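Asker: Residue numbers (the numbering used here), protein chains in the order written: chain Z, 21 to 584; chain X, 348 to 699.
Honestly, the hints are just simulated from the structure, not real lab data.
Covered by chain Z, per the in silico footprint, the following chain X stretches (three or more residues, Cβ under 8 Å):
1. 386-395
2. 406-416
3. 459-472
Remember, predicted model here, so these are calculated numbers, not experimental data. The C-beta atom is built at its ideal place from N, Cα and C for all residues, glycine as well.
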Amino acid sequence: MPAHDVLIIGAGLAGQRAALAAAQAGASVAIMSKVHPVRSHSVAAAGGINAAIAIDDDWTEHAYDTVKGSDYLGDQDAIEIMCSEAPGEAMHLEHIGVTFHRNEKGELDLRAFGGASKKRTAYVADITGQAILHVLYEQLMRFHETVDRYEEWFATSLILDDRGHCAGAVARDIRNGHMEIFDAKSVILACGGNGQCYKPTTNALICTGDGIAQAYRLGAPIMDMEMVQYHPTTLAENGFLITEGARGEGAHLLNSEGRRFMEDYAPNKMELASRDVVSRAEQTEINEGRGVGPDGQGIYLDITVVPRKRIHEALREIVNIGRDFAGTDITREPIMIRPGQHYIMGGVKTDVDGQTPITGLYAAGEVACVSVHGGNRLGANSLLDTLIFGRRSGEHSAARAKEMAMPRAPGSRVRQDAEMIDAIIARERGGRRISEIKDELGRTMNEYVAVYRDEEGLTKAHETIRRLKEESAKAYIDDAGTVFNQDVLGALELGYMLDCAEATIVAAIERKESRGAQFRTDYPERDDDEWLKHIDITCGPDGDPEISYSSVTITQWQPEVRKY
Amino acid sequence: MAEFALRLRRYDPESGDAPYWEEHTVELEPHRSVLEGILQAKARFDGSIGIRCSCRAAICGSCGVRINGKPGLACNTHLDKAQRGARDGVIEVEPMGNMPVIKDLIVDMEAVHWKKIRRVTPWLIAKHPVPEREYIVARETMVDVTQTMACIQCGACVSDCLAMEVDPEFVGPAALAKAYRFVGDPRDSQTSERLTDLSEDPHGIYDCTHCFMCIDACPKDVAPMSQIMRLRRRAGSDFGIEDANNGERHEEAFVSLVHTYGLLNEAELLPRSYGGNSAIAKFKPSAAKELASSLPSIAKALLRRKVTPGAVFKPHKLAKADLKAIDNIYKEVDGRPERVELNLYISGHDED
Numbered sequence: 021m022p023a024h025d026v027l028i029i030g031a032g033l034a035g036q037r038a039a040l041a042a043a044q045a046g047a048s049v050a051i052m053s054k055v056h057p058v059r060s061h062s063v064a065a066a067g068g069i070n071a072a073i074a075i076d077d078d079w080t081e082h083a084y085d086t087v088k089g090s091d092y093l094g095d096q097d098a099i100e101i102m103c104s105e106a107p108g109e110a111m112h113l114e115h116i117g118v119t120f121h122r123n124e125k126g127e128l129d130l131r132a133f134g135g136a137s138k139k140r141t142a143y144v145a146d147i148t149g150q151a152i153l154h155v156l157y158e159q160l161m162r163f164h165e166t167v168d169r170y171e172e173w174f175a176t177s178l179i180l181d182d183r184g185h186c187a188g189a190v191a192r193d194i195r196n197g198h199m200e201i202f203d204a205k206s207v208i209l210a211c212g213g214n215g216q217c218y219k220p221t222t223n224a225l226i227c228t229g230d231g232i233a234q235a236y237r238l239g240a241p242i243m244d245m246e247m248v249q250y251h252p253t254t255l256a257e258n259g260f261l262i263t264e265g266a267r268g269e270g271a272h273l274l275n276s277e278g279r280r281f282m283e284d285y286a287p288n289k290m291e292l293a294s295r296d297v298v299s300r301a302e303q304t305e306i307n308e309g310r311g312v313g314p315d316g317q318g319i320y321l322d323i324t325v326v327p328r329k330r331i332h333e334a335l336r337e338i339v340n341i342g343r344d345f346a347g348t349d350i351t352r353e354p355i356m357i358r359p360g361q362h363y364i365m366g367g368v369k370t371d372v373d374g375q376t377p378i379t380g381l382y383a384a385g386e387v388a389c390v391s392v393h394g395g396n397r398l399g400a401n402s403l404l405d406t407l408i409f410g411r412r413s414g415e416h417s418a419a420r421a422k423e424m425a426m427p428r429a430p431g432s433r434v435r436q437d438a439e440m441i442d443a444i445i446a447r448e449r450g451g452r453r454i455s456e457i458k459d460e461l462g463r464t465m466n467e468y469v470a471v472y473r474d475e476e477g478l479t480k481a482h483e484t485i486r487r488l489k490e491e492s493a494k495a496y497i498d499d500a501g502t503v504f505n506q507d508v509l510g511a512l513e514l515g516y517m518l519d520c521a522e523a524t525i526v527a528a529i530e531r532k533e534s535r536g537a538q539f540r541t542d543y544p545e546r547d548d549d550e551w552l553k554h555i556d557i558t559c560g561p562d563g564d565p566e567i568s569y570s571s572v573t574i575t576q577w578q579p580e581v582r583k584y
Numbered sequence: 348m349a350e351f352a353l354r355l356r357r358y359d360p361e362s363g364d365a366p367y368w369e370e371h372t373v374e375l376e377p378h379r380s381v382l383e384g385i386l387q388a389k390a391r392f393d394g395s396i397g398i399r400c401s402c403r404a405a406i407c408g409s410c411g412v413r414i415n416g417k418p419g420l421a422c423n424t425h426l427d428k429a430q431r432g433a434r435d436g437v438i439e440v441e442p443m444g445n446m447p448v449i450k451d452l453i454v455d456m457e458a459v460h461w462k463k464i465r466r467v468t469p470w471l472i473a474k475h476p477v478p479e480r481e482y483i484v485a486r487e488t489m490v491d492v493t494q495t496m497a498c499i500q501c502g503a504c505v506s507d508c509l510a511m512e513v514d515p516e517f518v519g520p521a522a523l524a525k526a527y528r529f530v531g532d533p534r535d536s537q538t539s540e541r542l543t544d545l546s547e548d549p550h551g552i553y554d555c556t557h558c559f560m561c562i563d564a565c566p567k568d569v570a571p572m573s574q575i576m577r578l579r580r581r582a583g584s585d586f587g588i589e590d591a592n593n594g595e596r597h598e599e600a601f602v603s604l605v606h607t608y609g610l611l612n613e614a615e616l617l618p619r620s621y622g623g624n625s626a627i628a629k630f631k632p633s634a635a636k637e638l639a640s641s642l643p644s645i646a647k648a649l650l651r652r653k654v655t656p657g658a659v660f661k662p663h664k665l666a667k668a669d670l671k672a673i674d675n676i677y678k679e680v681d682g683r684p685e686r687v688e689l690n691l692y693i694s695g696h697d698e699d
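Isolated chain Z, as found in the complex (with noise of 0.2 Å):
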């Protein structure tokens, strides 16, 4: 039976960086993933890392940009230590190997983001992601005496001793459905976001909130649910990524009229306000008629105007997809594109340890909700919040363990989760597909749960919420077999998109004001003196959620108004 101080589910950039961390602190680390590390979802992310490592730039500013993008609800105790610790992590980077692209002088060149007062966006082309997670997979290559890797394991559940404290997990080798116990003083989740809770999404049909809903159904709380990043430039055919990085380069974006119409939104910023804004003002401008595309519902993303050179040297994987997955040559004419679900604010609440309420429990990245990003997060401050956090959470378990005994998790853990896998290979046929369930729900959420929200559509979207949950236990499949079932996986995944998405529209409800993404047509405008809070999502005792609040952190910025 393997046994860590410190196990990692999940190999994205803040899985691995917290396993390096930890490694490097002396402890022995696990790092398990449903997929190959290099996989993971980091990989998609494009434009950037965010750090004030400019001469004339300060963390101050990079705290203050993200504490207004985030609509202040962030947490500013956390933002600090983000940002403060950003140039650091940026040099790590740089001195492991990261291949970040250079200015003329030979220094790390900076390019322009949504949300911030000054460049200081450092970038490999518009593979950033790929790269810093190439460059990490690396390390755990070099040190893998110190690291034992576990790729294409699917953890199946978080284990609790008689304390209460998190003591490892159970996991299937998807390879041959081997079972096994995974005995660790510390657990911390890496496994990314839900985002597969709607369609279209940029992100990958890994993304299906496992992590955030095994920690909310061992009693963890989950905060800022409600707070849905929508990407304002996804593909307007099939929802994929067209990185901000192209905004930061120079494209404008245009409406029916021809017209960059962010001027009437954000006439500083343009179309580098931050995201909720730059969304709300597409859809704004799709519903009043002023939409491009056969339907109406696109709008013109106009890469042409940024030297074609500079295209192919910094923006390439773009070049690609607009060829690929549009038909379109970016460097010639304007990509279609329009407001996509890219992003979950919310996840597991922790501290700026990656502690999770539940002792021994971490998480980092996208399954965690800090909260450095509050309603809306910065574009590149996603790969920033893993490697910050992963590292912390890293360091803090390490440290953790050289003060505890190894724990024993029961064995008839193991037993209990084959029966539940059995029991859903043994459903037998009659019911509704698994793929059925999960296209109404992705089609549900993108309707009622999106850029504008009211109190009628979100109550729709519960109900039918509820109905599918009743009918995905019923659920069958295909697949009986034990080598690579994907079948049998994806009915798990399903009960976990299930229980993120009933979290964000019981949090959608709850919120009756319009901060950050979360924008109610019932309730126009921010209302600090009710809603300066977040919304904390506990599992109730008869699986229901339960809400509760927690205040918001602030050191030195108090509310403004915000405008771009």
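Let chain Z serve as the given structure and place chain X on it in line with the hints.
Answerer: Relative to the frame of chain Z, chain X by itself:
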């Protein structure tokens, strides 16, 4: 919407049965991907179809397969294009080659691809002292290595590497492209050690046979073979590494023979590859030994008139004007200040 027929290679390791073909018909827009077609078949008809996939946008590298016999990503191959390329109108999808199949379209990348990646010491061994801030390096160098950083480790190049088919120990296109990512990185301290290592390895850079399959296969334009050629030039021209495999001498001989004669002089190639790049090479013991051991091949070449006995003394030579033109090509290439000519990020697309 249009209908597309898919013929999937299925294999269930638990059944004891041999692999078999299975057909499904799916309905999708013609410019949708083969992956979407497979996922529709999986969603509607049979959830047990095994395929790795995640991002759907050609970034994560999960869905490497063979479509109509050619390697690539299922997610960025359009259905209509795949249908046109199918021999009977049915799009054939099967697992990648050169790697063991685990189930259906899923291959064991760990056993082949990742093992080879680990072979090239795939991490930066940074120059010391490590600066407090960033290393100051030329702007172009980082843009240059971006082409190999763009590799998504999908395995498509490994799948159809012909050299690997013959020599399974060949380090291979993906891992050697990864190696260039460090050799081309000015922050790395082990450039000459890496080049020596990969030159001396009998399965290293000189094991590549220039077949271009990996360049065709790569969905990200990494052009692994070009990276291998750049490794060779760094090793041979910049570091003067003369490897035990005679790879460097062979290449030198090849290049100078074409320069001199305008055509390859087969009779001179082997002795020069083993005895040194000059006309007297054939009289050196090392070349004589190789010549002797190659007698069966030489005999065959003579019988098939690939070489003639006379050519040893009087090789075929192009006309003077043509030789002059060839000489100009050599001068042009040698005159370039930096070897960035194979890098798409830098030289591929200038203004129209």
